[in-house]
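When you get a sec, could you build the whole thing from the sequences and use the hints?
Those sequence lines, one after another, are chains A and G.
Residue numbers are given in full-length UniProt numbering: position 95 of the first sequence equals residue 95, and the series is strictly consecutive.
Residue numbers are given in full-length UniProt numbering: position 18 of the second sequence equals residue 18, and the series is strictly consecutive.
Check the hints yourself; a few may be wrong.
[Claimed, not checked] Not everything, but these chain G residues come out facing chain A in the computed CB check (under 10 Å): (1) K76; (2) D167; (3) I173; (4) E176; (5) A180; (6) T181; (7) I190; (8) P191; (9) W195; (10) T263; (11) A264; (12) T266; (13) S270; (14) R446.
[As the list claims (entries may be wrong)] Within a straight-line C-alpha distance of at most 27 Å, the following computed DSSO-like cross-link-like pairs (lysine-lysine) qualify: (15) A:K89 to A:K208; (16) G:K369 to G:K384; (17) A:K321 to A:K376; (18) G:K356 to A:K262; (19) A:K262 to A:K356; (20) A:K262 to G:K262; (21) A:K384 to A:K321; (22) G:K369 to G:K262; (23) A:K356 to G:K356; (24) G:K321 to G:K356; (25) G:K262 to A:K356; (26) A:K262 to A:K369.
[Unchecked claim] Negatives, chain A to chain G, calculated, CB over 10 Å: (27) P52; (28) I103; (29) V106; (30) L159; (31) H204; (32) S275; (33) P277; (34) E295; (35) E317; (36) A326; (37) E347; (38) D371; (39) T427.
Keep in mind that the hints were calculated from the coordinates and are not lab data.
Quick caveat, the model's predicted, so the values are computed rather than measured.
Here a beta-carbon is modelled for each residue, glycine too, at the ideal position from N, C-alpha and C.
There are 2 protein chains.
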Amino acid sequence: MNHSFAVVARRAALAGFLSLAGASVALAAEAGGDSAVSNFTLGNGLDVVVIPDHRAPVVTHMLWYKVGSADEEPGKSGIAHFFEHLMFKGTSTYPSGEFSQAIAAVGGNENAFTSYDFTAYYQQVAPDELGDMMRFEADRMRNLVLSQENIETERQVVLEERRQRTDNVPGSILSEELNATLYQNHPYGIPVIGWQREIEGLTHDDLKAFYDRYYTPNNAVLVVAGDVEADAVRKLAEETYGTLARGPDLAPRARPMEPDQKTARTVTFSDPRVSVPSLSINWFTPSHRTADEGEFEAIAILSQVLGEGLRSRLYQELVVKQGIAASAGSYLQGNAYDYSALGVYGEPRGDADLAKVEAALIAEIDRIKADGITAKELEAARTKILRDQVFLRDSQVRSANLFGATLATGGSVEDITGLPERLAAVTAEQVQAAARRYLDLSRAVRGYLLPAEEKRS
Amino acid sequence: MNHSFAVVARRAALAGFLSLAGASVALAAEAGGDSAVSNFTLGNGLDVVVIPDHRAPVVTHMLWYKVGSADEEPGKSGIAHFFEHLMFKGTSTYPSGEFSQAIAAVGGNENAFTSYDFTAYYQQVAPDELGDMMRFEADRMRNLVLSQENIETERQVVLEERRQRTDNVPGSILSEELNATLYQNHPYGIPVIGWQREIEGLTHDDLKAFYDRYYTPNNAVLVVAGDVEADAVRKLAEETYGTLARGPDLAPRARPMEPDQKTARTVTFSDPRVSVPSLSINWFTPSHRTADEGEFEAIAILSQVLGEGLRSRLYQELVVKQGIAASAGSYLQGNAYDYSALGVYGEPRGDADLAKVEAALIAEIDRIKADGITAKELEAARTKILRDQVFLRDSQVRSANLFGATLATGGSVEDITGLPERLAAVTAEQVQAAARRYLDLSRAVRGYLLPAEEKRS
Numbered sequence: 001m002n003h004s005f006a007v008v009a010r011r012a013a014l015a016g017f018l019s020l021a022g023a024s025v026a027l028a029a030e031a032g033g034d035s036a037v038s039n040f041t042l043g044n045g046l047d048v049v050v051i052p053d054h055r056a057p058v059v060t061h062m063l064w065y066k067v068g069s070a071d072e073e074p075g076k077s078g079i080a081h082f083f084e085h086l087m088f089k090g091t092s093t094y095p096s097g098e099f100s101q102a103i104a105a106v107g108g109n110e111n112a113f114t115s116y117d118f119t120a121y122y123q124q125v126a127p128d129e130l131g132d133m134m135r136f137e138a139d140r141m142r143n144l145v146l147s148q149e150n151i152e153t154e155r156q157v158v159l160e161e162r163r164q165r166t167d168n169v170p171g172s173i174l175s176e177e178l179n180a181t182l183y184q185n186h187p188y189g190i191p192v193i194g195w196q197r198e199i200e201g202l203t204h205d206d207l208k209a210f211y212d213r214y215y216t217p218n219n220a221v222l223v224v225a226g227d228v229e230a231d232a233v234r235k236l237a238e239e240t241y242g243t244l245a246r247g248p249d250l251a252p253r254a255r256p257m258e259p260d261q262k263t264a265r266t267v268t269f270s271d272p273r274v275s276v277p278s279l280s281i282n283w284f285t286p287s288h289r290t291a292d293e294g295e296f297e298a299i300a301i302l303s304q305v306l307g308e309g310l311r312s313r314l315y316q317e318l319v320v321k322q323g324i325a326a327s328a329g330s331y332l333q334g335n336a337y338d339y340s341a342l343g344v345y346g347e348p349r350g351d352a353d354l355a356k357v358e359a360a361l362i363a364e365i366d367r368i369k370a371d372g373i374t375a376k377e378l379e380a381a382r383t384k385i386l387r388d389q390v391f392l393r394d395s396q397v398r399s400a401n402l403f404g405a406t407l408a409t410g411g412s413v414e415d416i417t418g419l420p421e422r423l424a425a426v427t428a429e430q431v432q433a434a435a436r437r438y439l440d441l442s443r444a445v446r447g448y449l450l451p452a453e454e455k456r457s
Numbered sequence: 001m002n003h004s005f006a007v008v009a010r011r012a013a014l015a016g017f018l019s020l021a022g023a024s025v026a027l028a029a030e031a032g033g034d035s036a037v038s039n040f041t042l043g044n045g046l047d048v049v050v051i052p053d054h055r056a057p058v059v060t061h062m063l064w065y066k067v068g069s070a071d072e073e074p075g076k077s078g079i080a081h082f083f084e085h086l087m088f089k090g091t092s093t094y095p096s097g098e099f100s101q102a103i104a105a106v107g108g109n110e111n112a113f114t115s116y117d118f119t120a121y122y123q124q125v126a127p128d129e130l131g132d133m134m135r136f137e138a139d140r141m142r143n144l145v146l147s148q149e150n151i152e153t154e155r156q157v158v159l160e161e162r163r164q165r166t167d168n169v170p171g172s173i174l175s176e177e178l179n180a181t182l183y184q185n186h187p188y189g190i191p192v193i194g195w196q197r198e199i200e201g202l203t204h205d206d207l208k209a210f211y212d213r214y215y216t217p218n219n220a221v222l223v224v225a226g227d228v229e230a231d232a233v234r235k236l237a238e239e240t241y242g243t244l245a246r247g248p249d250l251a252p253r254a255r256p257m258e259p260d261q262k263t264a265r266t267v268t269f270s271d272p273r274v275s276v277p278s279l280s281i282n283w284f285t286p287s288h289r290t291a292d293e294g295e296f297e298a299i300a301i302l303s304q305v306l307g308e309g310l311r312s313r314l315y316q317e318l319v320v321k322q323g324i325a326a327s328a329g330s331y332l333q334g335n336a337y338d339y340s341a342l343g344v345y346g347e348p349r350g351d352a353d354l355a356k357v358e359a360a361l362i363a364e365i366d367r368i369k370a371d372g373i374t375a376k377e378l379e380a381a382r383t384k385i386l387r388d389q390v391f392l393r394d395s396q397v398r399s400a401n402l403f404g405a406t407l408a409t410g411g412s413v414e415d416i417t418g419l420p421e422r423l424a425a426v427t428a429e430q431v432q433a434a435a436r437r438y439l440d441l442s443r444a445v446r447g448y449l450l451p452a453e454e455k456r457s
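If you want it as structure tokens, here you go:
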């Protein structure tokens, strides 16, 4: 089973060597039929979103918990992600494997993922199976068996996952420490999967307290997308989730925030497994929740113009025109509660060295700061963001993902449906202002991934 | 009143531009008369150390709380240091100023300081006044008035202190972010004085909970040095501190520890107020408590040979022989519970640039790793550390400081008195091994303080 893909995606985004396909997910709106999306709350506090999609007889059932690694106590990193494993180990009602077998028996599939701000579980099945999925999912919200044996078994699985995906991957090692350098105070500096020694130290009591506190209907968002109607979903949800008792009322999430950073930093990892050097330049920015009105949209357009896709400035200038880079681009981390992150990256090609690529990346940033973007670029970026979300709507899972991630990070359905208007309101001046405000080199964190023999003193 | 000098000292040590005079304090042993030091515990858990010193009719009374900034909850930074101010604001028994007036009236002096691991208060007075000092100090351990008015007044004082000592001092700005980069997970990455916004956010409830939890006899160490005898001190302590109720039993301090770091990092601050550039290269090492047997002593000798004082390798090579540096040296942070920090630093002189000084610093480190140190250097370093502590013994306050800081960071009186034997057991091979193990450039954090116009791309 492929758990944790979101963990990997987030790490990749911050590594800065991949353009994250899902980066604009927080921005994608309903391409059409907005009125069809329903949003209601059960008596026990469970938030429910229904997204009818009748193109095929299939339904996506996702349950999002508003808890992620950034909600963990100090020294207990990895606990949110640990649950992504434990939740598959059986309940007092159904033994381990029964839920997964039921999905497999009807030809469905399932997965789970963890991020800084949420943990989500989903199944994709035929519409007739939706009630069963809800019954199983509601059951493991409250009746999970947290046996010491399950904990120890899954601890080894998680530790192996960490070794394979982080400790054995040079780009991930760099990404983890780059992140720890970018965030000086906020828990986004701590990896979602957790630090090895802290995963080793998690106790039954730690896990039990976390489960009791956060795995409750009033701390969750249910998203159902597919060949269903809202009324039927509501009825099923009330019969299953609706029977669960409300959990403790949680205070609004208040993580330690960043101080005013004033220094430029670099993080360098050299390793014999690296064959081609690469670099990234990273900043944190406000999130869609914390940004001033219109600012997050301006940042998203900035990232598009600067480096997302083959028509972006960075790609055209460094890869096509100058021919000094094998790849170059930018990425924007979406769907986060407190901060998003923006970065640019490049890999040299041919005779060009890393310094040349770095200078060219900076030149493009400086150019936007000095001269702004054109009306044509602004319009193209808007169109691309909106078009991306049309494609996204074609995927039921990604559509459900969009709503779940937005609601789990402090947004609303209206934040999604109102995107076209918000994008239309962004001016070229706002994009330039965002570049000047956030892409400040004196506060940037640069990451260098180098072959072992290469020295950068 | 000059509160917080330890805060400043610690910051200076990590800035790497000063050789910290107190760096070897954790190592300094009794130069003579070890048997005279008494250590006993009152019924309520107060640990008491008495260091008789009859050279002058004066006594130093220090109370050490085993709580510092690294014990603060996330998002509540600055709370430990805030108490260093609030403790002077009066109690339900004595109004604000009465304690300080009583000290001034008898020609005494007082001060207080906060570190990552402890908060200490002291007075120096004539021996006849000791009982009064104890009565006042015991009173404010339990009866402090935490009025909203006092809190708001002192908050402004603390914020102004932060502005003056950190935000307006380029070396301190660099130091703060260097520290945040050096420690990726441990709260030593958070400044002792606290982040500005978190100081602004501390509430009465935060302060009250902290006071009730940590300001208790069983979480404190009383150190009395001077013209007194242990029996008399015990009697006075029992009459004053001894009447206080024991506080809650605290679990052993367990802070989030560092992951295995694998990257080299740099932190650069450029500012028009900087006239001469400088750099430091920093590592964290085990503390005296967490080091393997003999290892902390080997690290202390390493720092001595490498860069402490005018006869050290760095000074002789960079300043005297090559003439490329206006200053060069090393420092070792002592008296910490979880980690110590070692750094080397240099400032260029004349035509030499920063890169030249940096290369020369690294060359000296590489030389110790490759060839070790000589028997003569080993002996000179041992002698210097022991001689430093003889001078230290001459200062009653520093002597009391040595015992208090050691006991407040998990050490014992024996850790101090046994130093000569432990130093004698360190071999040149152990010093070389410590250099190879800890001074790894691929994991170092370098700090650059630059004039605004200078670019280091």
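Would the least Cβ to Cβ distance between H204 (chain A) and chain G come out above 10 Å?
-> holds, 17 Å
Minimum Cβ separation between A326 (chain A) and chain G greater than 10 Å?
-> Non-interface label stands for A326 (chain A): nearest chain G Cβ at 21 Å, farther than 10 Å.
Taking 27 Å as the top limit, are the C-alpha atoms of K262 (chain A) and K356 (chain A) close enough?
-> Judged against 27 Å, a Cα distance of about 25 Å means the pair holds.
Run the C-beta distances from P52 (chain A) to all of chain G and say if the shortest one exceeds 10 Å.
-> Correct as stated: the minimum Cβ-Cβ distance to chain G is 42 Å, above 10 Å.
Hinted contact A180 (chain G) with chain A - closest CB pair below 10 Å = holds, 4 Å
Holds or violated: is the Cβ of T427 (chain A) farther than 10 Å from all Cβ atoms of chain G?
-> holds, 31 Å
Take a quick look at E295 (chain A) and tell me if its Cβ sits farther than 10 Å from every Cβ on chain G, holds or violated.
-> holds, 20 Å
Hey, does S275 (chain A) actually stay past 10 Å from chain G on C-beta?
-> holds, 18 Å
Would the hint on E176 (chain G) stand, with a C-beta cut-off of 10 Å toward chain A?
-> Status holds, d = 8 Å.
Agreement of K369 (chain G) and K384 (chain G) with the hint, judged by alpha carbon distance not exceeding 27 Å = The given pair, whose Cα atoms are some 22 Å apart, holds under the 27 Å limit.
If you draw a straight line from the CA of K356 (chain G) to the CA of K262 (chain A), is it 27 Å or shorter?
-> holds, 26 Å
Interface hint compliance - A264 (chain G) to chain A, C-beta minimum distance less than 10 Å | holds, 5 Å
Checked against the numbered hints above, the structure breaks none of them.
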